[in-house]
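Kindly generate the complete structure, drawing on both the sequences and the hints.
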Amino acid sequence: MSKERVQTLLERAFPEAEELLVIDRGGGDHLEVRVTDTAFDGLSRVQQHKLVYEALDEPWKDGSIHELRINTKGTQA
Amino acid sequence: MINETTSYTEKIQEVIETADVALFMKGTPEAIMCGNSQRALGALRRAGAPITAVDVLLDMRIRQDLSALSGWPTIPQVFVKGELIGGADIVEDMERSGELEQTLVEKLGESYWDARGERTVTLTS
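So the sequences go chain by chain: A and B.
For the first sequence, my numbering assigns the number 7 to the initial residue and increments by one for each residue that follows.
For the second sequence, my numbering assigns the number 451 to the initial residue and increments by one for each residue that follows.
It is possible that part of the hints are untrue.
Quick list of in silico lysine-lysine cross-link-like pairs, DSBU-like style, CA-CA up to 30 Å [stated by the list, open to error]:
1) Lys79/A with Lys67/A
2) Lys67/A with Lys461/B
3) Lys67/A with Lys476/B
Hints listed in this document are in silico derivations from the structure and should not be mistaken for laboratory results.
Below is the structure:
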């Protein structure tokens, strides 16, 4: 259930994302997300991941996500 | 008498600001309590970093105060010269790309390797 919720929250935060993928790595609460978005251009990885954490603040705080792997990319190589 | 409202914020800040490399982890380097903490520690060890480790499991408030301060919700957290460089995923990525060593050289100097090792700081409120 939290996979779909995470997907929705990320789509809301990154509506223009070139890539947006949520992968269940086990049990529905070990997730991996991959996001490629212009919003990440020019940001450090820490700043990029913080944007993802912000988008997922709610499921993170209520414990629906136990573990999260984040892969972010800007659109400028 | 311990004041219940005392926070760890100042002590955390002091570690972040004074340690060359600060690692906030679950457990200690001798008794690691989480796979992700192990991953971050492993990358730092292989890069020869001088690590100052803090066990966040000693008190739940350490973790709360740390995340409030850093804006980063997960453990581990690695700081180099006061700056958050990331958690396990980023630090491992940086190791693979050579960026980790490069960052250590830039921030700590060419001879940082001489100071490699681990010490653990115990935070008390």
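Verification of the hints:
| no. | hint | verdict |
| --- | --- | --- |
| 1 | Lys79/A with Lys67/A | 25 Å, holds |
| 2 | Lys67/A with Lys461/B | 24 Å, holds |
| 3 | Lys67/A with Lys476/B | 19 Å, holds |
When each numbered hint is compared with the structure, no violation occurs for any of them.
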